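Peer 1: So you can see what is in the structure, the chains are spelled out below.
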Amino acid sequence: MIRKIGITCAVVLLLGLFVRQLARPQAAITTLSIWSHEADEPAKVAVRERVAREIERAHPGVRVVITWYDSEGLVVALKTSLPAGQGPDIFYIETDWSDLITDGYTLPLDGLIDWNTIYPWARKPWIYDGKTWAVPQEVYTDELYYNKKLLANLGFTLPPNAQFSQEQFLALVKKARAAGITPIAQGVGDRNYPGAYILTQALLHKLGLNDYGRLFGGHLSFLDPRVVAVFRWVKELVDAGAYPKNFMTLKLAESHYYFYQKPGAVMLPMGSWYTGRAFVPEDEGGQPGDFPLGIMQFPAMDDAACNECKVRAVGSSFAINAATPHRELAAEYLNAMSRPEIGTLWIDTVHLQTAVIAQGSASATLYPGYYKELMARQEGAKYFDIDPSDFLEGACLDTYVQVMNSSFPGGLLSVDEAVRLMNQACYKG
Amino acid sequence: MASRIEAKEDAGIPRQSRDWVPLIVFLGPALVVYAGFSLFPVLKTIYNSLHVMKPHNVVEFVGLGNYRSLLTHDEIFWKAVKNTALFSVFGTVLDVGAGFLLALCLFAKVPLARFWKIVWFSPVLISYVVVGIIWVWIYDYNWGIVNTVLRWFALDALAHSWLGDPHTALWAVLATQVWKWAGFNMIVFMAALYGLPPDVLGAAELDHCGWLAKLVHVILPMLRPTVVSLLVLSLIGKMMVFDVVWIMTRGGPLWSTETVSTYVYKRAFDWNTFDLGYPSAIAVVWFILILVFVALLTGSLRQRDKLEY
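So the sequence lines, in the order shown, correspond to chains C and Y.
Quick note on numbering: my numbering labels position 162 of the first sequence as 162, and the sequence is numbered without any gaps.
Quick note on numbering: my numbering labels position 235 of the second sequence as 235, and the sequence is numbered without any gaps.
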C-alpha cells in the first residue's frame, strides 16, 4: 500500500513538473537555415561557421544551422524542395544553376545587401533583368599551374610574359612525354569541365571575348576555320600524349595528387581554387611544402584575337529563398559574410580570391610567393566572366561535357567528328 | 454469439454491409499507403508526361508532344535504350548463370565451401558507391589490377583504359554488376538445391545417370520456378540500372554507357532546365516496356505441366 502511494506521488510530481515546464513561457527560437556545398574544404567551412556564430551572438534566440552537402546532393535537394515551397532560408548557388533564379526561387537582393564591399564585376554575373539575385563569395581565374623544377629539367625556360607560343607548348608536351613524364595531369572522372580547359582557353585566345561568347551562345559555327584550327592544334597535343592514360576516370582530387605527388606531371590547368586542395597539410592530400609551384599563362595562339584574355568566374555564392520568412536576418548573414575583414580572412585561410573587397594583404600568409605570382599573371588581362559549363544548357551542355570535356581530349574523336557534334548541338544559326 | 448476430440482423443491418467492415479495417491502411506511394506517383508521372512542367506549378499541356520528340528525334534516348537492352539481356543471363554455377560448386561440396560462400556473397553486402569506386580503381589504366596483371604476364598491348573506351566501357560496368549480384543468385539457388527431394536425386544415381544428365534432366527442371523468378527479378533490376553506371562512368564516354535511368536523371536534374515533363515521358515509355518484357518472359518460361515426383 505504502509502495503504491509512493509511486502515485512520484507520477503526480513528474506530471506536475512536466505541465509546469509546458506552461513556462519559452524564449522564441528562430532558426536561420543555410544549405551549403564545400563540406570537404575545412577553411571555407570555418569561415561560414564563424559568421554563423557571430549572428547568433548578435541575436540571442537565433540559431543559424548550416547543413553541408556535396554539390550534386545539394542540386537535387534544392530542385525538389524549392518547387514544393520548402527549402532553406539561404542556399549556396553557382552560376550554372541559374534556372533557380530564372524560375523565381530566389529573392532580389539589390536593396538588402551592402554592395559597396563587393567587386562590381563579381556582382555582374548575378544580375538578371536588372536585379541582383545572389551574393558572390568566391571568385577564381582559370590558371595553368606547373612544376618549375620539371620544366627546367626538360630544358624549357618560361618567357618573361610567362606565355609559351602554341609551337613551344606542343614541343614541351612532346619532350615531356618522350622523357616518360605526363605533360598535363588532368582527369574527367567526376567533373564536367576540366578536360576542356586547354581547348576553351585556346579558343578564347584565338577568337577574342566577343566571338568566344558568340561561339558558346550558339551564334558562331564550330565549323568556323579559326575554331577548327584550334581543335586541330589540341588534337596534336592529344596525339602527342598530353593527357594521362587514365584521363577518363581520373577524378579532380586525384589529378591534384597526380600533379604534385605521384607520379608527378609538368602542368595542371585548374581554377585558382587549386589552393583549396593543394594548400592543406601534406598528410591530408596537400602539396609537399617544398613543391616548386609556378603559374604560367595558357599558350598564345597564332593569329590570335586576344592572347591576354583569361576566364574569370564567380564561384561559391549565396542566394536567399524567395519563400523565406526571415529575409532580413538572411540578408544580415550575407552582409556579415561580405565584410572586408571576412574577405581578408578568406584570402589568408582559403588562399583564394574573393568577391569581397578585402582589407590588407595576404602576403604574410603561409604561401607568400603564391599570391604575388597569381596577381602577376592577372596583370593586364582581359576577362571573359564565365566558364562555358556554367551557362550552357540542355543538349548543348550534354554534348560539351561528352565531347569537349572528355571524348575529344581523351583521343576518342577526330576533329571533324568533334566539331560536327558540337555544331549540331549548340549552333543556332 | 449466434443470438447476438441474429439480434443485429434483426436490427436491420444487412449481412453484406457487415462483411465490408473487416475488409476495410484490414485492407484500408495498406491500400492508402499503396495509393499514396505507388499509384499516385505513377498517375502523376503519366500526367506530367503530357505537359511541359514549368516552375511554380505552371503546366502547359502538350498532349503527346513529349512522346513524339522522344520517339522520333531523340538520338541519345535510342542509344540509352540500346545500351540498357544489352545490359539487361547479357547482365541477366550472366548474373543468373554465374549464381547457378557458384551454387552448384557449393552444392557439390568443394573444398573450403563455407569460406567460398562468404567470399562470393560478400559483394552483395557492399553498397553500390563503394563497389563503383573499387571497380574504377580496378580498371584504372595506370595502377588498376586488371592492367597490372596483364603487364605482369607481358601482355602490355592488352592494357587498356577499360572505362575510357566506348567499345569496352559498357562491358566493364556489366562485369561489375555481375560481380555484385552473382552471390545473391547463388544463395537463392543454394536454398532451392537443398530443397530438392533427395529420393529423386538418389533414384537418378541408381539409374546410373551421369552428372550432366542429372543436371539437365533432373535438377534444372525442378529448379525452373526459381530460375524464372531470378530471371524476372534480374531483368527488372537491370532495365532500371542507375547507381553503378552513374558512379563509374556517368553515361560516358560518348554516351556509350548511357542507360535510360541515367538519361532520365540527366534530363531532370543535369540539363539546367526545370522541365519534368519530358523525363516523365521517358519514364512512362520505359515503364510500359518493362511491363511488356516481364509479361513476355514470364509467359514464355511459365511451367505448363506440373512436375510430379
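Source of the hints: derived by calculation from the structure; they are not laboratory data.
Small disclaimer: the values here were computed from a predicted structure and weren't measured.
You may find that some hints are simply not true.
Below, in silico cross-link-like pairs of lysine to any residue (SDA-like), each with a Cα-Cα straight-line distance of 25 Å or less [as the list claims (entries may be wrong)]: (1) C:LYS428 - Y:HIS73; (2) C:LYS131 - C:LEU158; (3) C:LYS79 - Y:LEU158; (4) Y:LYS266 - C:GLN424; (5) C:LYS79 - Y:ASP275; (6) C:LYS245 - Y:TRP171; (7) C:LYS262 - Y:LEU231; (8) C:LYS245 - Y:ASN142; (9) Y:LYS82 - C:LYS131; (10) Y:LYS266 - C:LYS235; (11) C:LYS245 - Y:VAL59; (12) Y:LYS44 - Y:LEU231; (13) C:LYS235 - Y:ASN272; (14) Y:LYS79 - Y:TYR194; (15) C:LYS251 - Y:PHE26; (16) C:LYS79 - Y:TYR141; (17) C:LYS235 - Y:ALA159; (18) C:LYS124 - Y:HIS167; (19) C:LYS245 - C:LEU151; (20) C:LYS251 - Y:HIS73; (21) Y:LYS266 - C:LYS124; (22) C:LYS428 - C:GLU417; (23) C:LYS251 - Y:TYR141; (24) C:LYS251 - Y:ASP275; (25) Y:LYS180 - Y:ASP165; (26) C:LYS251 - Y:THR148; (27) C:LYS251 - Y:VAL110; (28) C:LYS251 - Y:ILE288; (29) C:LYS174 - Y:HIS160; (30) C:LYS131 - Y:LYS266; (31) Y:LYS79 - Y:LEU64; (32) Y:LYS266 - C:GLU72.
Peer 1: For every hint, state whether the structure bears it out.
Peer 2: Structure-based check of each hint:
1. Our distance criterion of 25 Å between C-alpha atoms is met by LYS428 of chain C and HIS73 of chain Y, whose separation comes to about 17 Å.
2. Restraint check for LYS131 of chain C and LEU158 of chain C: the C-alpha separation of about 44 Å exceeds 25 Å, so the hint is violated.
3. A C-alpha spacing of about 44 Å is found between LYS79 of chain C and LEU158 of chain Y, which places the hinted pair above 25 Å, so the restraint is violated.
4. For the given pair, LYS266 of chain Y sits about 19 Å from GLN424 of chain C by alpha-carbon distance, which is consistent with the 25 Å threshold.
5. Of the supplied pair hints, the one linking LYS79 of chain C and ASP275 of chain Y holds, its CA atoms being roughly 11 Å apart against a limit of 25 Å.
6. A hinted pair counts as satisfied when its Cα atoms are at most 25 Å apart, and LYS245 of chain C with TRP171 of chain Y qualifies at roughly 19 Å.
7. Restraint check: the Cα-Cα separation between LYS262 of chain C and LEU231 of chain Y comes to about 45 Å, which exceeds 25 Å; the hinted pair is violated.
8. With a C-alpha separation of about 7 Å, the suggested pairing of LYS245 of chain C with ASN142 of chain Y holds against the 25 Å cut-off.
9. As the CA atoms of LYS82 of chain Y and LYS131 of chain C are separated by approximately 46 Å, the hinted pair breaks the 25 Å bound.
10. For the suggested pair LYS266 of chain Y and LYS235 of chain C, the alpha carbons sit about 28 Å apart, so the restraint of at most 25 Å is broken.
11. A threshold of 25 Å between alpha carbons decides the hint, and for LYS245 of chain C with VAL59 of chain Y the separation of about 47 Å lies outside it, so the pair is violated.
12. Restraint check: the Cα-Cα separation between LYS44 of chain Y and LEU231 of chain Y comes to about 30 Å, which exceeds 25 Å; the hinted pair is violated.
13. A distance of roughly 29 Å separates the Cα atoms of LYS235 of chain C and ASN272 of chain Y; the hinted pair therefore is violated under the 25 Å criterion.
14. At roughly 43 Å between alpha-carbon atoms, LYS79 of chain Y and TYR194 of chain Y are farther apart than 25 Å, so this suggested pair is violated.
15. A threshold of 25 Å between alpha carbons decides the hint, and for LYS251 of chain C with PHE26 of chain Y the separation of about 53 Å lies outside it, so the pair is violated.
16. A distance of roughly 36 Å separates the Cα atoms of LYS79 of chain C and TYR141 of chain Y; the hinted pair therefore is violated under the 25 Å criterion.
17. Note on LYS235 of chain C and ALA159 of chain Y: the hinted pairing holds, with a Cα-Cα distance of about 23 Å set against a maximum of 25 Å.
18. Between the alpha carbons of LYS124 of chain C and HIS167 of chain Y the distance comes to roughly 44 Å, so the proposed pair goes past 25 Å and is violated.
19. Our distance criterion of 25 Å between C-alpha atoms is met by LYS245 of chain C and LEU151 of chain C, whose separation comes to about 21 Å.
20. Among the hinted pairs, LYS251 of chain C with HIS73 of chain Y is inconsistent with the structure: their alpha-carbon atoms are about 33 Å apart, more than 25 Å.
21. About 29 Å separates the Cα atoms of LYS266 of chain Y and LYS124 of chain C, which puts this hinted pair outside 25 Å; it is violated.
22. A threshold of 25 Å between alpha carbons decides the hint, and for LYS428 of chain C with GLU417 of chain C the separation of about 18 Å falls inside it, so the pair holds.
23. For a cut-off of 25 Å, the pair hint linking LYS251 of chain C to TYR141 of chain Y stands: about 13 Å separates their Cα positions.
24. Straight-line distance between C-alpha atoms of LYS251 of chain C and ASP275 of chain Y comes to about 30 Å, which puts the hinted pair past the 25 Å bound.
25. With a CA separation close to 22 Å, the supplied pair LYS180 of chain Y and ASP165 of chain Y stays within the 25 Å bound.
26. Distance restraint check for LYS251 of chain C and THR148 of chain Y: the Cα-Cα separation of roughly 20 Å lies within the 25 Å cut-off, and the hinted pair is therefore satisfied.
27. Simply put, LYS251 of chain C and VAL110 of chain Y have alpha-carbon atoms about 41 Å apart, too far for the 25 Å limit, and the pair is violated.
28. Distance hint between LYS251 of chain C and ILE288 of chain Y is unfulfilled; the C-alpha atoms sit about 37 Å from each other, more than 25 Å.
29. As the CA atoms of LYS174 of chain C and HIS160 of chain Y are separated by approximately 22 Å, the hinted pair is consistent with the 25 Å bound.
30. For the given pair, LYS131 of chain C sits about 30 Å from LYS266 of chain Y by alpha-carbon distance, which is inconsistent with the 25 Å threshold.
31. The straight-line distance between the Cα atoms of LYS79 of chain Y and LEU64 of chain Y is roughly 21 Å, inside the 25 Å bound, and the hint therefore holds.
32. For the suggested pair LYS266 of chain Y and GLU72 of chain C, the alpha carbons sit about 12 Å apart, so the restraint of at most 25 Å is met.
Checked against the numbered hints given earlier, this structure breaks hints 2, 3, 7, 9, 10, 11, 12, 13, 14, 15, 16, 18, 20, 21, 24, 27, 28, 30; the rest are met.
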